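Novice: Each chain, letter by letter, is given below.
2 protein chains.
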Amino acid sequence: MKTPSSLEFLTEALRRLPGVGPKSAQRMAYHLMQHDREGAATLGRALTQAAERIHHCAKCNTFTENEICETCLDASRDASLLCVVETPADQLMIEQTMTYKGLYFVLMGHLSPLDGIGPRDIHLEKLIARATDGVVSEVVLATNFTNEGEATAHYISETLKARGLKVSRLARGVPVGGELEYVDAGTIARAMLDRRST
Amino acid sequence: MKTPSSLEFLTEALRRLPGVGPKSAQRMAYHLMQHDREGAATLGRALTQAAERIHHCAKCNTFTENEICETCLDASRDASLLCVVETPADQLMIEQTMTYKGLYFVLMGHLSPLDGIGPRDIHLEKLIARATDGVVSEVVLATNFTNEGEATAHYISETLKARGLKVSRLARGVPVGGELEYVDAGTIARAMLDRRST
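Line by line, the protein sequences give chains A and B. Under the numbering used here, the first residue of the first sequence carries the number 1, and numbering increases by one thereafter. Under the numbering used here, the first residue of the second sequence carries the number 1, and numbering increases by one thereafter.
Hint data in this document are derived by calculation from the structure and do not stem from the laboratory. Certain hints may be false.
When chains are identical, the list treats them as one kind, so a pair holds in a single copy or across two.
Stated by the list, open to error - Derived pair list, reagent style SDA-like, types lysine to any residue, alpha-carbon separation capped at 25 Å:
id	residue 1	residue 2
1	Lys23	Gly39
2	Lys23	Met93
3	Lys23	Glu38
4	Lys59	Glu150
5	Lys23	Asp36
6	Lys161	Gly109
7	Lys23	His35
8	Lys23	Arg37
9	Lys59	Gln26
10	Lys101	Pro18
11	Lys166	Glu179
12	Lys2	Arg27
As the structure is a prediction and not an experimental result, all values here were calculated from the model.
Could you put the whole structure together from the sequences, leaning on the hints where they help?
Specialist: Here it is in structure tokens:
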């Protein structure tokens with residue numbers, strides 16, 4: 001018995017999705033062909049369309065279908081604040097908090113020398129040019145609080161401070177709703193050091 | 001901030017995949033756009049192609065790109081044996097055992113009155129016509145050993161035996177490598193009833 005070649009091609013292609021192994025890919029392919037042909041066609045169109053239309057914003061690097069994204073074009077935003085994030089998904093999270101009304105710069109990654117990802121790969125030259133446009137007065141570093149994210153924040157901080165910019169970092173501390181008993185010691189230590197007067 | 005519409009369309013479409021919720025769909029969409037544009041385009045083509053090309057074999061119902069599948073056309077197979085399975089994936093599993101050289105009939109489901117899936121939905125008329133072609137002498141029921149699979153096997157068995165056909169069912173018992181201590185009582189009971197002389 002030979003599996004039809006277009007079915008094999010589909011199973012193979014589904015493995016490009018993160019977290020999808022050979023067995024899940026086969027299940028997905030058979031599911032679509034058996035129960036959701038229309039879904040397969042729709043997803044096919046969505047992928048082709050997204051791969052064609054989605055570009056990076058010339059100003060901030062985030063995903064957009066235009067030359068400049070809507071956020072960068074929004075005149076009601078505070079252009080003196082620039083928040084640096086690793087990915088468009090992180091940017092979306094910050095937007096959802098409704099606490100930030102400045103602009104963004106999306107690195108599309110983080111420094112990771114072991115994986116060969118250096119300053120060029122996270123568009124550092126572009127960030128420097130963006131941050132020193134004369135309008136930006138403070139850069140808020142919102143990279144992840146992982147080793148790579150922290151190292152990236154440190155590197156960018158040093159680079160931008162050397163150019164006279166004010167640089168800040170998201171606060172670390174106990175998460176909202178966090179119970180001390182279940183929070184790791186490193187987080188509590190940081191919360192103690194960064195304690196604020198009330 | 002507005003997510004580009006083609007990215008939203010892609011995230012929505014990825015949710016048609018089995019086991020993919022809103023959060024995974026977003027992660028997949030961002031991953032593809034950020035790290036694997038080519039993968040997105042390839043998967044897009046694969047889906048469109050499969051949705052267009054994959055049909056059901058006119059004889060056995062399995063997936064094929066042709067009118068009749070390769071298995072049904074294979075003259076070296078024993079046309080007197082017809083194995084009934086629920087899905088093409090089940091058929092593939094049986095093929096991989098290399099123990100069966102007859103033909104197949106794929107139900108594309110199982111009876112499930114509660115879900116409104118009756119004999120018509122599992123192509124029972126087509127199976128009867130196929131099994132009574134004068135060449136088939138034994139029908140091997142290889143539906144799953146779940147409640148629905150067992151009920152389906154029972155229903156098909158009654159229907160085909162009433163037409164004078166020999167009908168058999170895959171053996172139940174302790175799995176290869178199975179340790180009695182960890183096998184459920186129902187399986188051991190069945191293995192005891194179906195014990196064979198050695």
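Novice: Go through the copies and call it for Lys23 and Met93: within, between, both or neither, with a Cα cutoff of 25 Å.
Specialist: between (32 Å within a copy, 12 Å between copies)
Novice: For the identical chains here, do Lys59 and Glu150 meet the 25 Å Cα criterion within one copy, between copies, both, or neither?
Specialist: within (24 Å within a copy, 62 Å between copies)
Novice: Cα distance capped at 25 Å. Does Lys166 pair with Glu179 within a copy, between copies, both, or neither?
Specialist: neither (34 Å within a copy, 67 Å between copies)
Novice: Within a copy, between copies, both or neither: which one fits Lys2 and Arg27 at a CA-CA cutoff of 25 Å?
Specialist: So Lys2 and Arg27 pass the 25 Å test inside one copy only (17 Å; across, 33 Å).
Novice: At most 25 Å between C-alpha atoms: does Lys161 with Gly109 qualify within a copy, between copies, both, or neither?
Specialist: within (21 Å within a copy, 65 Å between copies)
Novice: Reference check for the pair Lys59 and Gln26, CA-CA at most 25 Å: within, between, both, or neither?
Specialist: between (41 Å within a copy, 23 Å between copies)
Novice: With identical chains, the pair Lys23 and His35 could be close in the same copy or across copies; at 25 Å between alpha carbons, which is it: within, between, both, or neither?
Specialist: both (18 Å within a copy, 23 Å between copies)
Novice: With identical chains, the pair Lys23 and Glu38 could be close in the same copy or across copies; at 25 Å between alpha carbons, which is it: within, between, both, or neither?
Specialist: Both ways: Lys23 and Glu38 sit 22 Å apart in one copy and 22 Å across, limit 25 Å.
Novice: Go through the copies and call it for Lys23 and Asp36: within, between, both or neither, with a Cα cutoff of 25 Å.
Specialist: both (19 Å within a copy, 21 Å between copies)
Novice: Have a look at Lys23 and Gly39 and pick one of within, between, both or neither, based on CA distance no larger than 25 Å.
Specialist: For Lys23 and Gly39, both the intra-copy (20 Å) and inter-copy (19 Å) Cα distances are at most 25 Å.
Novice: How would you classify Lys23 and Arg37 at a CA-CA limit of 25 Å: within, between, both, or neither?
Specialist: both (20 Å within a copy, 23 Å between copies)
Novice: Is the C-alpha distance from Lys101 to Pro18 at most 25 Å within one copy, between copies, in both cases, or in neither?
Specialist: Neither: 32 Å inside a copy, 38 Å across copies.
Of the numbered hints listed earlier, those contradicted by the structure are 10 and 11.
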